[in-house]
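Residue numbers (the working numbering), protein chains in the order written: chain A, 1 to 183; chain B, 1001 to 1552.
It should be emphasised that the hints constitute simulated quantities derived from the structure, not laboratory data. Wrong hints could be hidden among the right ones.
Said to hold, decoys possible - The calculated DSS-like cross-link candidates involving lysine-lysine, where the alpha carbons are at most 25 Å apart (straight line), are: (1) K1248(B) <-> K1477(B); (2) K1246(B) <-> K1165(B); (3) K1264(B) <-> K63(A); (4) K143(A) <-> K1037(B); (5) K1215(B) <-> K1246(B); (6) K1037(B) <-> K1246(B).
Listed here are the chains, written in short residue letters.
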Amino acid sequence: MRLLDRTGEITDAWAFVEGEEPAPDAPCILPYDRLEEALALAAARPGEVGLHLPNDTDPRGLKPHFGVLAMISVDFPSFADGRGFSIAKCLRLIGYEGRLRARGPVIADQFAYLLECGFDEVWLPTHVAQRQPVESWLAQLEKVSLSYQRGTPERAHGGAGNAPARASILEQRRAARSEGARG
Amino acid sequence: MYRYDEFDHRFVEERVAEFRGQVARRLSGELTEEEFKPLRLMNGLYLQLHAYMLRVAIPYGTLAGRQMRMLAHIAEKWDRGYGHFTTRQNIQFNWPKLNDVGDILDALASVEMHAIQTSGNCIRNVTSDPLSGVAPDEIEDPRITAEVLRQWSSLHPEFTFLGRKFKIAVTGCAVDRAAIAVHDIGLQIVRNAAGEVGYRVLVGGGQGRSPFIAKKLREFLPREDLLPYLTAALRVYNLHGRRDNKFKARIKILVHEIGIDAYKEQVEGEFAAMDRASVAAPWEEWTRIGAYFALPDLPARAGEDAGLERALKADPAFAQWVEQNTHAHRVPGYRAATVSLKPVGGVPGDATAEQMRVLADLAEAHSADELRITHEQNVVLPHVALADLHKVYRALAGIGLDAPNRGLITDIIACPGLDYCALATARSIPVAQAISNRFGSTRRQAEIGPLAIKISGCINACGHHHVAHIGILGLDKAGVESYQITLGGEPADGPAIGERTGPGFGFDEVPDAIETIVNRYLELRESPRETFLQAYRRLGMAPFKEALYEAA
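With the rest of the complex left out, here is chain A:
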């Protein structure tokens, strides 16, 4: 397994709790079907509890709990199942500002899209991590520098994660126009 963000491989401080396993006395991510328990735990241990969402979950229901959820992990059962992109986009649009993780066998070619939809980090299972070196993930961000979309939201919690992965062509055209108008 491997965890990475736009800077490269990072250490995973979060325990991933599956099924009925007891929650450890450390930062942990609980399954969505233990939502009540996760919220109670989060209230007692702020900043240490996250939730893992299957990709058929309606993320809007979580809005009242954004304040206590320090981490939301979104499941990607397959790289080809793109529901997680819209879930991340929804979470950011309705105001989630905590850590957002994509968890599953996604591929380096999707890295820019994942970041632009609002994910901060990607957790890969071992069989994918072994095949796809970290360099390929970082190279992907170098290779594609431009996008035609706008509205990749800048978030309030600061850090390098703020800038979109690709520069918006529409924003650059706009800047070029206003420069032209000034010059």
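Please arrange chain B on chain A, whose structure you already have, making use of the hints.
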């Protein structure tokens, strides 16, 4: 025509470099075949029955001469000397080698072309009216909207791994030549009571194994809301469209299963909650793109031309072609001319490199350097002066593309079928050729009048058989090709899905069956002015069914 700026160029060049990297990573084993497949598909590369196939995007079907010439060059250098124009206004090369694809994409990029999103579960090439900017009754050139959408949908971070492909079509006229009712989203440019330009939005149309006519999502959508609204529509689809069954994954199934009202409610909710201004294309971007689609500078001409009148009298075949293959132009003294890629007995939609070069020359010399590809698999020279029509016609005759059959029984749409396609269950092209030969006489075709035959070689319906006046669907029945016939389909004028006549026909029986249907129509029509479709709508299936099955 739209021209790339520095950003468009860089975007496409980066995409080609990225694809070369993906091929290298596939060969090194870093990417599995399963991972590589959607990546190559999103760059237009299919693995077909005998070889790779590269589908090149022709956005909204518009091409300049130099671009058509590059397609000819690619056909000669990397393929077998021809290309196949498709029902989505694209072109397919049937025999490229994997190792050459990077070079082909570079060659395309050099003339502002690409193969991005011509396949895969993403937003596909946006299609439009081949008479855009020409038709006298047009509200606005739909290619402006189509280009805005092309850019917005290219490598969209949220919508590049959808449940299934997503097709958008745009028309700017009340007369729909873009078949918007059989698209995932259909946009008709309209004016509201205040005179503002916006869109009538349709959703959930499509063909394939479960054909649906699109339903109305919005009567009027203001232009500035287009991208936010489509974002909402796509987001609801991406989150809630079925993923359990590839054949039920298109948006038409979602809309059908939850109902248009429930779907609309979710879209409107998403749209209302969205920060629209951050998603919308800025107004300056609309005007920037719009300027590229201004009517070309056509020299003023008289509305009639004495030379043309003489040629029409002297050359009856030319007169027939002008009558059947040319269209009114908004500028006096000009016509738009359809170049039929359906010569009698030919392969529908195929053009050789030589033919492409002549078309490029004709566009440059006589059509303001523009060509259009139609969803009927023909080519349009949109801006031909009346005084040049005869010269253009003779040049077309010189390359065998002078068939005066636009909209007639031999103007057949056909998918590649079992001759090329890995999905096909039966041949399409030879069926089209046999029917075309059977009805080859120009006089007989004119007597029959408007009649659209469309042939698909499998249930996926790439040949649009569901919306054909006479549709033909080739299936495999225990190892033998069997062809179902449908009647009464229509993509635009009161859009309708055709109805099956009954049991299928063998490969060799199809031309006879079509002839039986046509003869019954000729017997029963009220006058030569009553078209096949009108007659079918009046008479229903019964007389045709009887002719097909009871006489035998």
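Hints and how they fare:
1. For the hint pairing K1248(B) with K1477(B), the CA-to-CA distance comes to about 23 Å; that is within 25 Å, so the pair holds.
2. Among the hinted pairs, K1246(B) with K1165(B) is consistent with the structure: their alpha-carbon atoms are about 10 Å apart, no more than 25 Å.
3. Between K1264(B) and K63(A) the CA atoms are separated by roughly 23 Å; this keeps the pair inside 25 Å, and the hint holds.
4. For the hint linking K143(A) to K1037(B), the alpha-carbon distance of about 20 Å falls within 25 Å, and the restraint holds.
5. Restraint check for K1215(B) and K1246(B): satisfied, since their Cα atoms lie roughly 22 Å apart, inside the 25 Å limit.
6. Proximity of K1037(B) to K1246(B) is assessed by CA-CA distance (about 16 Å); at most 25 Å being required, the pair is judged to hold.
Comparing the model with each numbered hint stated earlier shows that all of them hold.
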